[in-house]
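Student: From just these sequences and the hints, can you work out the full model?
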Amino acid sequence: MKTFPIGGVHPSDNKQWSKGSAIEVMELPDVVNIPLAQHIGAPATAIVKKGDSVVVGQKIAEATGFMSANIHAPISGTVTAVDMQPNGQGLRQMMITIKREGDEWDEAIDRSTTLVTECNLEPKQIIEKIKDAGIVGMGGATFPTHVKLSIPDGKRAEILIINGVECEPYLTSDYRTMLERGQELIVGTRILMRAIGVTKAVIGVEANKPDAVAHLQQIIGTATDITVQMLKTQYPQGGEKQLIAAVTSRQVPPPPALPIDVGAVVCNASTAVAVYEAVQKNKPLIERVVTVTGAAVPQPKNLLTRFGTPVEAMIAKCGGLAEGDVKVINGGPMMGRALSNIAMPVMKGCSGITIMVGAAAGRGVESACIKCAKCVEACPMGLEPYLLSKQAKKKAWDAMEANDITSCIECGCCQFTCPANIPLLDYVRLGKQTVMGIIRARNMKK
Amino acid sequence: MTTLIYTILTLCIIGVVAAVVLYFVAQKFKVEEDPRIDETEKMLPGANCGGCGFPGCRGLATALVESDDISALYCSVGGDECMSKIADYLGKAAPKKEPQVATVRCGGSCEKRPRTNTYVGATSCAIASSLYVGETGCAYGCLGYGDCVEACAFDAIHINPETGLAEVDADKCTACGACVKACPKGIIELRKRWPKNRAIYVSCVSKDKGAVTMKACKAGCIGCRKCEKVCEFGAITVENNVAFIDSTKCRLCRKCVAECPTGAIRMIGLAPLVKKEEVKEEK
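First to last, the sequence lines map onto chains A and B. According to the numbering used here, the first sequence is numbered sequentially starting from 40. According to the numbering used here, the second sequence is numbered sequentially starting from 41.
Please note that a few of the clues may not be correct.
As the list claims (entries may be wrong) - Pairs of lysine-lysine residues, derived as DSS-like cross-links and limited to a Cα-Cα distance of at most 27 Å, are as follows: (1) A:LYS434 to B:LYS225; (2) A:LYS413 to A:LYS429; (3) A:LYS433 to B:LYS212; (4) A:LYS138 to B:LYS247; (5) B:LYS225 to A:LYS432; (6) B:LYS225 to A:LYS429.
Unchecked claim - Looking from chain B toward chain A, a few residues come up when the C-beta cut is under 7 Å (computed): (7) GLY161; (8) TYR172; (9) VAL173; (10) ALA179.
Claimed, not checked - Just so you have them, the derived chain B footprint on chain A, three or more residues with Cβ under 8 Å: (11) 128–137; (12) 460–471.
Derived from the structure by calculation, the hints contain no laboratory data. Note that beta-carbon positions come from the ideal geometry of N, C-alpha and C, so glycine has one too.
Tutor: Laid out in structure tokens, this is it:
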């Protein structure tokens, strides 16, 4: 079975708790906070002010420049504030607060469930529609999709890869989307293929989801443009570069090279469904499927949630938090970030909420590095995490840059595999952020 | 036996030849350096703290010798005394600077600022602050993991285990500024050093609105502007919901301390203001 060539780990996938529950619609919240920075790039600029009334799907914030994304109202009602609010990490961020009144939708949005397969739009028009709808990568990285689809001059896309891997343990939102929205996913994939002008697409799915593979294959039937590729269950199979290597056997060179340099464009499965809705139904990105799961969650669920819904409301719907020490993670246990503020609104990149209790919520006691090199073996980017973390401690930023720190994808394999419980990723990430800052400053000078 | 003699002889000859070659090479490629650099370096404290902006004391010494105008160069560790000595030696005008001391502007002790969550991870302020705001509801306060302690070359800053806050030992502090750079929250400031280490400063940098600050910390500045109004010297400005006392304008009159409703304005080495007469007497 195909997989990426180096590194990787095998955490227990723990998808059993939520994989069986069909997507449920989350109740509409009474008040939502919509952050202006929900994507990589410049935060959007608010175009509504206090007192304005908005309808579902109305644009409330406009992309600031090319590398940014529009934001639309997920509920109808009145804007009560455009102000700084704490995000999930407690950091103050600009957010638009809307108080809900009913559920009035923008008239241009087609809310019927009929499948529209026909799409005769020009690639430029498709990309424009995707840009208008504010679609970003929904796997977690939140890279604006229209930027990804705008192939730079002199480069050519050869293959579209749909990322249905969902290698992150616990999470099942993409899995449920593939099972329940398979038809839309395939149409969305064909639209994306048209947008970038390729004739071949591969949907990568990990081997722990054989029913999703079978379901998608059945929908595709005898068509040859799209194939479903089952991949080995191995973390981080869903990393963009790992997926490209697994499917095409091509290696994306270190940054600043992008997947397009090897002719590949990768989109998440949920993003493909969002693209279908945006292009065929005029529906902007206002909601997504969020998995709420964990060993101590009474009723783990996959909830179709409007953006801005507080995480605590979703936790309450799934049976509430357990007593004692609890860690609530935005995302999965490998790449997610722990929340200090569970009033955090659900955003475009939030694929799941994982709740850990007891010993699993904490970290092991750190001991000395014995140079066992397990982290080196596990690193899917071929880096040496033990060395990088030491260099970060010594603030040896030049040495870190020479050791390709910018290639790090922050997957956490090193920390997961470390028998001494050293917080390798924390130090590596600190180094990466600092080095990226140094590189940016240097480029600015030039 | 002969083998041994030959070996010793060969080594001796190689040694002599190498010495001769090295002597001529050293003469030929001799680096001419101003001997005053060495002398100046000896006069500097030799802490190599980098507070002057140069990599070490030798860097500053070179700059002091080579530049005509040394008014912008200063070693805060040595202070005015050291600088005037060097200036006399070099025959240049001595740079002068008010003595300064590092000040930690956060009063959110464990008692005043309740913990809302627990951080388990690398003991580093830089890492914790890249992950989230910290263990309390305040997004601006001291994290207490001691990046400043690690940065200090003079053992002048420590985390008080009772309050969980960084505290400066003013007698040891040389105002090199290493802790200022190390603090990811930008809490530490170099302020004017008064005799007997007296000080008045706003012990808070929270930019949150008053109500939010008050909820997170009982010792926070709520930006009420009472201190700004009472200050006769125009030393206090309130911007972004937080007061700031300009230490170069402040005269330690203590009126603001009495006005502050939350006790965010801290006073060190001074008795609380009671009557006007007392102030006059002291002066």
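Student: Was the hint right that B:VAL173 lines chain A, CB cutoff 7 Å?
Tutor: The hint holds - B:VAL173 has a Cβ within 7 Å of chain A, the shortest such distance being about 3 Å.
Student: Quick one, are B:LYS225 and A:LYS429 close enough, alpha carbons at most 27 Å?
Tutor: 23 Å, holds
Student: Please verify the coverage claim for the region 128–137 of chain A: does it have three or more residues whose C-beta sits within 8 Å of some C-beta in chain B?
Tutor: holds (count 4)
Student: Double-check B:GLY161 for me: the hint is only fine if its C-beta lies closer than 7 Å to a C-beta in chain A.
Tutor: With a closest approach of 6 Å, the B:GLY161 hint holds.
Student: For the hint on B:ALA179, does the least C-beta distance to chain A fall short of 7 Å?
Tutor: Since the shortest Cβ distance to chain A is 5 Å, the answer is holds.
Student: Quick one, are A:LYS434 and B:LYS225 close enough, alpha carbons at most 27 Å?
Tutor: Given pair A:LYS434, B:LYS225 holds - Cα atoms ~18 Å apart, limit 27 Å.
Student: Given the hinted pair B:LYS225 and A:LYS432, is their alpha-carbon gap at most 27 Å?
Tutor: Measuring from Cα to Cα gives roughly 19 Å; hence the hint holds.
Student: A:LYS433 and B:LYS212: Cα distance at most 27 Å?
Tutor: 25 Å, holds
Student: Check the hint pairing A:LYS138 with B:LYS247 against an upper bound of 27 Å on the C-alpha distance.
Tutor: Judged against 27 Å, a Cα distance of about 26 Å means the pair holds.
Student: Examine the region 460–471 of chain A for residues whose CB is less than 8 Å from any CB of chain B, and state whether their number is three or more.
Tutor: holds (count 5)
Student: Hint check: is the beta carbon of B:TYR172 less than 7 Å from a beta carbon of chain A?
Tutor: Holds - the Cβ of B:TYR172 comes within 7 Å of chain A, reaching about 4 Å at its closest.
Student: Would the pair A:LYS413 and A:LYS429 pass a check requiring their Cα atoms to be no farther apart than 27 Å?
Tutor: Holds, at roughly 15 Å.
Going through the hint list in order, the structure satisfies each hint without exception.
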